[in-house]
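Q: Listed here are the chains, written in short residue letters.
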Amino acid sequence: MRLIPTWSRLCGWADQEYRLPARSLAFVRITLALYLLRPLGYPVWLSQLPDSFYKPPPGITMFFTGFPPEWVVLAMGLISTVCVLLMLFGLWTLPATLVTVALMFLNWGITFSLGKIDHGQMLPICMLALGLAGWGKAWSFDAWRRKTRALPAGEPSGWPITWLALVLSLGYFSAAIPKATSGWLLPDTHATFGYLIRFAVDQERTRPIALWLMEHPGWWWKLPDYGTVLVEAGLLFLLPRRRWFLLGLVAMLTFHWGVWVMMGIFFGSNFIAIGALYNYDRLVGHLENRLGRFQGKPWRNRWLAAPLIAASLLIAVRLNNTQGWEWAGFTLKPSWFAWMNLTVAVLVTLGAFAWFYAAYIRRHQAERLIQ
Amino acid sequence: MRRGDHAQDDAQAVPDPTPSPTSPGRSRCWAITLVFTVTLLCFAAQLGLYQKTKREVYPTLLMPGFAFQGSTDEGVRTTRVELEVVFEDDTERFSIAELRDASGMGAFTLYLLNRDYPGLTDNRWDDLPEAAERPPPPAWARVVQTVYPTFRSPRVALMQDPARRAWLRAMIGRLAPGREPVRAWLIRTPVTVYGYGYERRDEPGDPRYHRVEFVQP
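So the protein lines, in turn, are chains A and B.
Take the first sequence: its letter number 105 is residue 105 in the working numbering, and every next letter is one higher.
Take the second sequence: its letter number 166 is residue 1166 in the working numbering, and every next letter is one higher.
Just so you know, these hints were derived from the structure itself, not from any lab.
Just so you know, these numbers come straight off a predicted model, no measurement behind them.
Some clues are possibly wrong.
List of simulated lysine-lysine pairs, BS3-like, C-alpha gap at most 25 Å [what the hints assert, rightly or not]:
hint, chain 1, residue 1, chain 2, residue 2
1, A, K179, A, K116
2, A, K222, A, K179
3, A, K55, B, K1052
4, A, K179, B, K1054
5, A, K222, B, K1052
6, B, K1052, A, K116
7, A, K55, A, K147
8, B, K1054, A, K147
9, B, K1052, A, K147
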């Protein structure tokens, strides 16, 4: 038995261990696109801040010395809207994904030039990984076009998913190091309790459960201290086996749920990145079968169902959101840009519907002629 | 069953058209090795920089560390930040939560007021020398500046920027509509909290004051 795996075996592990079927990736793509369309706001308020507040972190925004003009932020939002819609329907999926990811990194880079770095980076990293893996290979215009041109569909790559798992576990490991080296593990300290107190006093941020717990101090406050460090550091060691890793992610989801309930910090991007590593093929299969029965006859192109449902939800959500956007704690009032954004979203959606149905009817007529 | 065939294993109810994975070719192997190596190097560099300077590179691969900040049996030591505003007829204090809500910037307000911008409400408006002008940008940068004016433009120093005072005045205007502020202090009070909802004791010593005098229009 070899203790040190060879290079080719390592590559094989990276390419196979976390591989997911195309339909599962497509399910995540559509869900994620809908999630991104809901907030769909870019921080216009940044343009109204004095440029002397601009203090970028080392990175991509160091080339600038002030906040961007308002129209740049609006243009970023508009381009992002179009790209997310393209992702939703799977048209030019990979380029649309890459542009969306780049805009998200740039947008956050500008926002974080105020001095605070939020840690939502797992969302664009997850999108990048799944885009490279081939989340447009099913339930998409791209797949449909390849099929009509009799081109091979190709299989999704496995290594980007493994890379996502690696980045996720490294990120959590980096969070465990400062804790383990700064006193979280000492028996006479209460780090979690201390942070809850700080949040309450410094920022007046409390949650009902946290308030109740803070009024009942005890030895058990040490348990979340040990548990947090253990879960964050341990994930990296579960990476070699997907089943172990997914088990560790269950513990991580429990941890994030606890942080959300107690501190009001919602790591939505981490929830998404974790969720993207699971296999939804069986769930999606049941969904397709049920939709087929609902239509009275099995669809020849049942994959059309998901984008159609997604588009309907999109319109409903977008119409509902014109009264104001909530994004990262900021409420953006309706403006000409909101209406323009909505108009573009609706037009693209209707165009996509028309394209779908025209293609479907043409194909249906061709099949009848052949019969 | 081979490892990595979980996709087919999990989806026995629905036949998966995806063929079983095969070993990657040599060029693909090199590409995978390159991506994973670069990721590990970036992670190590970012972590090392953070350990040394406590500054994160962006885009970051790190997660928030939440290092231990001194909660023991002796209590939790922290700092309460409030903005005291003198109006023409009255003086009023605003909590950090009120400032956060009024600014429209969410948690970023805390950083502006509390951590990275100590001079925001400082009264030393004219004490510091003028910010050194950066050399004129190259021609290609000027092209970019036509659409993005702050690209490689001279940096504005916080202490010389009259806009910061206008911004603070606007924020106070949202907190107290219709009232004209005369000056404002940022009050930082060290406090030790022994238990939430129980005893809270201010530490001895004068709190640090940062004062700003508003220019009457």
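Q: Could you run down the list of hints and mark each one as holding or not?
A: Status of each hint after checking the structure:
1. Restraint check for A/K179 and A/K116: satisfied, since their Cα atoms lie roughly 20 Å apart, inside the 25 Å limit.
2. Of the supplied pair hints, the one linking A/K222 and A/K179 holds, its CA atoms being roughly 13 Å apart against a limit of 25 Å.
3. Restraint check for A/K55 and B/K1052: the C-alpha separation of about 19 Å stays at or below 25 Å, so the hint holds.
4. The hinted pair formed by A/K179 and B/K1054 meets the criterion: a straight-line CA distance of about 14 Å does not exceed 25 Å.
5. Restraint check: the Cα-Cα separation between A/K222 and B/K1052 comes to about 29 Å, which exceeds 25 Å; the hinted pair is violated.
6. For the given pair, B/K1052 sits about 18 Å from A/K116 by alpha-carbon distance, which is consistent with the 25 Å threshold.
7. Distance check on the hinted pair: A/K55 and A/K147 sit about 50 Å apart at the alpha-carbon level, beyond 25 Å; violated.
8. With a C-alpha separation of about 52 Å, the suggested pairing of B/K1054 with A/K147 is violated against the 25 Å cut-off.
9. Of the pairs offered as hints, the one joining B/K1052 and A/K147 is violated, with about 54 Å between alpha carbons and a cut-off of 25 Å exceeded.
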